[in-house]
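**Q** Here's the letter readout for the chains.
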Amino acid sequence: MFQLIRTKRHRELALVALFLVPSLAIFTLYRIVPLFWNLGLSFTEWSPFKPAKFAGLYHYEEMLFYDDVFWTALWNTVVFMASAPIAIALALAVAMLVNGDIRGRNVYRAIVFLSYPLMTVAVGIIWRWLFDGKVGLINYVLRGLGLTEKGISFLDSFEWAMASVVVAAIWQVIGFFMIILLTGLQSIPRNLHEAAAIDGAGAWQRFRRVTLPLLRPSIFLCLVIGIINSFTSFDLIYVMTGGGPANATELLITYVYRAGFVKNQFDYAAALTVALFVFFLGLTWIANRASGGDAGAVETGE
Amino acid sequence: MGRHPTWPIHLALVAVSFVMLVPFYWVLKTSVTGENIFSYPPSVVPRDVNLFYYVDVWYYIPFVRFLFNSVAVSAIAVVSNVVFNALAAYALTRRFPGRKWVILLFLSCMMIPFQATIIPAYLITQKLGLLNTHLGLALPLCSTIVCIFVYKASFEAVPRSLIDAARIDGVPDWQIIFRIMLPLSKPAIATNVILSFIWSWNSFLWPLIVTRDKAMQTLPLGLSTFLSYLENTTGALYAFCVMVLVPGIVLFLLAQREFIQGLTSGATKG
Amino acid sequence: MRRWINRYSITFGLIGLAVLGWNLYVAAHRDGLLTGRVAAADGSAIAGATVKVRERTMVSSEPRAEAKTDAQGRFRVEGLDYHHLLVEVEAQGFKPLPRQSVRLWFRGQNRALEAPLTMERAG
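First to last, the sequence lines map onto chains S, F and P.
Numbers given in the numbering used here equal positions in the first sequence, counted from 1, plus 242.
Numbers given in the numbering used here equal positions in the second sequence, counted from 1, plus 7.
Numbers given in the numbering used here equal positions in the third sequence, counted from 1, plus 265.
Next up, chain S with everything else stripped away, as it sits in the complex (with noise of 0.2 Å):
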């Protein structure tokens, strides 16, 4: 008897394992299989059209000491990395307005935050030609207002692409911000406001000494998503610059796009791929450390 239950046990938790099992498959085969592939991949020359060779490190070296593009795409992910405080300011801003008890907050906050689940690739277009040097409405604005005589091509300039991406960028990700702000806003009990208050601390006091440490770990979350989002818009710089003028937008993840798919060096851009990797790691792990652990590992994308 004893031992029918046992059997019958077991073959229920087999089961249950199965449940397990389509989700496992594709973990497996589309994370954990190409990581160690490609960690193989970056140790190899190889190419669709050869068998593979040994390569050692060739790759990390040339990578490390010879590419000019690899240094200029990792400033750039931190350039654009740095933006996120940026728009966590902007966002918390918002959302101090619309946590307020004011009518309509409901529609402001769904204003704000319609950008967010749109088509990134539409969004891009859309930026790209509001910067546009000839028809561009930010450059009409700009001759309205007698700043610039002849109009400022945003995207194919040097100094501007960048920060005009990072614009774009903002934009979209602000009403997201803004939610996980509210969030942490709507959780701080009402309470220690009056009691700070009562004890006669300014707005701004008020601000600095009860918001800003209760919303720690919110501005944390949003600190991370900032982390990931500048390792995975690939979109937004597809659509907007390709990563020119002159690398001057390439990220680590456009690079790694063009190394392997536009120039079919698949080896050189798994090397590419392990660097963003670590990178990656270890920025979350930092980022993971100072907020004591509150914001967690976070994936928004895919």
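Check the hints yourself; a few may be wrong.
To be verified - Quick partial rundown of chain P residues pointing at chain F, CB under 7 Å, derived from the structure:
hint : residue
1    : M323
2    : H348
3    : R364
4    : R368
What the hints assert, rightly or not - With a cut-off of at most 20 Å between alpha-carbon atoms, the simulated DMTMM-like pairs for lysine to aspartate or glutamate come out as follows:
hint : chain 1 : residue 1 : chain 2 : residue 2
5    : F       : K107      : S       : E254
6    : S       : K250      : F       : D171
7    : S       : K505      : S       : D310
8    : S       : K250      : F       : D176
9    : F       : K193      : F       : E265
Source of the hints: derived by calculation from the structure; they are not laboratory data.
For clarity, every value in this text was computed on a predicted model and none was experimentally measured.
Glycine residues also receive a C-beta, built at the ideal position from the N, C-alpha and C atoms.
Since the structure of chain S is already known, use the hints to place chains F and P on it.
**A** Chains F and P in isolation, oriented as in the chain S frame:
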């Protein structure tokens, strides 16, 4: 606390909304007039409204085909996410040897961004013979870890007595999932649907790599190829933009609360 | 029944109905006919004028069909399976009429040009 006037807040929020909405307005306006592309200064109010740019786009590109591809890929991704993730999450709520390891594995998989694996992922898809197919486009997105954990949290909130009672009655596990767990986890299902829909619908890098024929292009890919052979100055491009954005906007307006909840819990539950 | 009426079913139902209605309308009106009248500046009909129809494609235009006007100056071109037409008219003793753009809502839409194509006498 004294009552503050609210108009400064409204003023600030109107300004913010203006900045957020102007790009949409400008695109919409140009797609129905095409005029500010050629004239300076552009008029703010649309003149000579017509929909002919939409007609042009309709015939320049196989829009229905792109739409069908996008819908097919998203449908595969959404359905398999809802089902596979529920199965996996249910398994994780049961005790079995090695459960801890599986959770650890999932958590570490979450640290691997898909973008960091595209090259071998491409080679694997090639080996599977799935390049240029709907299944190949959808497969990497068919199960997502965040969504599994969203389900898991929801399943764990279902009273244990309910499940135990069902089990004593001899209800098989898969029926427990579909008859008891899922009906009690509607918000988790909504989150799964929304997240997998957004990811598959907006996905661009993967289709860009995997797709070979024009006939297999999804909407974002079709849009970017359209961009590559048209000048920036064509009203048709913006008509296409609107056509691509409208389904997303309609869905967002219909299921606003679910969208916001889904995306936030996708970011925080991880 | 009640539970099937919600904002999703209403929205998608209306979209479906609109698509269906539009397709029915298109199916009933797509014979590719273009009709109209060619007249001189004083309003008198021009017989025997040549009406040439070109298709405006994305980058250029292609000649597609031709017709002659009858005694009342009327013409009728058939089988135009295009959505953007360019119409030009030539007639003995008149200045050739520059291309006029005729945009249609769908390929092969039947279209009757209300206003006569007015030509000026040469010389």
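**Q** Hint by hint, note whether the structure agrees.
**A** Structure-based check of each hint:
{"no.": "1", "hint": "M323", "verdict": "6 Å, holds"}
{"no.": "2", "hint": "H348", "verdict": "5 Å, holds"}
{"no.": "3", "hint": "R364", "verdict": "16 Å, violated"}
{"no.": "4", "hint": "R368", "verdict": "5 Å, holds"}
{"no.": "5", "hint": "F:K107 / S:E254", "verdict": "18 Å, holds"}
{"no.": "6", "hint": "S:K250 / F:D171", "verdict": "16 Å, holds"}
{"no.": "7", "hint": "S:K505 / S:D310", "verdict": "17 Å, holds"}
{"no.": "8", "hint": "S:K250 / F:D176", "verdict": "15 Å, holds"}
{"no.": "9", "hint": "F:K193 / F:E265", "verdict": "11 Å, holds"}
Hint 3 alone, counting from the list given before, is not met by this structure.
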